[in-house]
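K.L.:
Please construct the entire structure, taking both the sequences and the accompanying hints into account.
Chains as they are written, first to last, in numbering that gives the first Met the number 0: chain E, 0 to 122; chain P, 0 to 122; chain G, 0 to 122; chain C, 0 to 122.
FYI, nobody ran anything at the bench for these hints, they're computed from the structure. Accuracy of the hints is not assured; some may be wrong.
Heads up, the list lumps identical chains together, so a pair's fine if it works in one copy or across two of them.
20 Å max Cα-Cα, derived SDA-like pairs, lysine to any residue [as the list claims (entries may be wrong)]:
{"no.": "1", "residue 1": "76", "residue 2": "64"}
{"no.": "2", "residue 1": "79", "residue 2": "59"}
{"no.": "3", "residue 1": "43", "residue 2": "64"}
{"no.": "4", "residue 1": "122", "residue 2": "4"}
{"no.": "5", "residue 1": "77", "residue 2": "21"}
{"no.": "6", "residue 1": "77", "residue 2": "24"}
Read off the chains here:
4 protein chains.
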Amino acid sequence: MFQPRGERHWIIPDAYIPPTSAGKLESHESICVLNCSSEEALLKITIFFEDQEPLEEILYVVPGRRTKHIRTSSLTKKGKSIPLGVPYAIEVVSDLPIIVQYSRLDATQAENALMSVIAYPIK
Amino acid sequence: MFQPRGERHWIIPDAYIPPTSAGKLESHESICVLNCSSEEALLKITIFFEDQEPLEEILYVVPGRRTKHIRTSSLTKKGKSIPLGVPYAIEVVSDLPIIVQYSRLDATQAENALMSVIAYPIK
Amino acid sequence: MFQPRGERHWIIPDAYIPPTSAGKLESHESICVLNCSSEEALLKITIFFEDQEPLEEILYVVPGRRTKHIRTSSLTKKGKSIPLGVPYAIEVVSDLPIIVQYSRLDATQAENALMSVIAYPIK
Amino acid sequence: MFQPRGERHWIIPDAYIPPTSAGKLESHESICVLNCSSEEALLKITIFFEDQEPLEEILYVVPGRRTKHIRTSSLTKKGKSIPLGVPYAIEVVSDLPIIVQYSRLDATQAENALMSVIAYPIK
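P.N.:
Structure below.
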């Protein structure tokens, strides 16, 4: 049995899906999760906007002893997904401790730009 | 009622508004704030310079259950704004716990460069 | 005698070796370690994948009062190395406290993109 | 009187001065410090290498209520400075609490790449 590691609650204030791609790669963001435990972790992801109600509790499962690099554009809730080109923020709540990192590849221009942060853990 | 999350006091030592833009996008920085609570949060933003007195307590309101990605070039106090091309630092004090991330897009050259950090929380 | 500093256990959820390089520089990632102590530190590095069993406990030694910027492509265990172009995550366990930062240079396109995070310390 | 904020001891494991610049901007790194207190802070900066003895205790003063974005290429000790193109690590010790962020602009190629981290605080 492997122990869970990290925290159950993580925040990413600066999320944004660039609306266009000009190079070989496609602009995208990923919520990168590591689940160190033997058990699967159930994530509830909430999306906060600047001027509308949040999109709440999108479910996602990360198997035990696995990482998942979750493309934000793949997340949906009752047919709703995250709009492109809109500033938003992400909350990840998990039933087991996990570790969360957020990365963005911006290919608006032909050459790429990258940014990454470890999400902020709520303890 | 939703609980506030995070901290009331955050620091960003490396801030800088690139003076020029060459590509499709405009060089800019954002202070990205998430307010998880049901109540609005009142922010006081202080700007520190290398060789002059700080520009103190610029006010900004973030509504409850919302994020705001605040462009630093939009901040003003008594008609003063942050000069371009000058190294500075940012302090954010809030009456409610929030979470703060800082990101910069540098479009000095036609292709973009990105950087981002979670601000440093003072506990 | 110099004291060890930092933590014994660090996590990097977002790792990825870009499969191609187009510019003057080669795409690569580094696990950057500082060992402040007088003694050498023995690291055990485990690689987690999205859909296969982890590659466990690759050994690495960092001498006392030295830094090592470890290229992930150089890590091997029983002839196995980390595949290119595959999302993965990294766990670093050390017998002495150390400090760990992760950086990636993506030269998929001719112009470079950089990202970096301080790894997440498990306390 | 303003209170000092932050920590007295900070680590940056991944430092590197790119040896060349091809664009309009020059490749460089900065150690960005904010001193929130009314008093000046005295910093002792130590540089760790992969395969030689550290360059110890370079002195630097940050005035009260000021930020300094210190170019690493400007640091010298008994005529020695940090060599270009060599992986190294940075330790900052201060007599007063401060906050430290590290940023690198890589202009090896004509288009720029940026990375930034809040340094790791030793508590």
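K.L.:
Now look at each hint and say whether the structure bears it out.
P.N.:
Quick rundown of the hints versus the structure:
no.: 1; hint: 76 <-> 64; verdict: between (26 Å within a copy, 18 Å between copies)
no.: 2; hint: 79 <-> 59; verdict: within (15 Å within a copy, 31 Å between copies)
no.: 3; hint: 43 <-> 64; verdict: both (19 Å within a copy, 16 Å between copies)
no.: 4; hint: 122 <-> 4; verdict: both (13 Å within a copy, 9 Å between copies)
no.: 5; hint: 77 <-> 21; verdict: neither (31 Å within a copy, 41 Å between copies)
no.: 6; hint: 77 <-> 24; verdict: neither (29 Å within a copy, 33 Å between copies)
Of the numbered hints stated above, those contradicted by the structure are hints 5 and 6, listed in ascending order.
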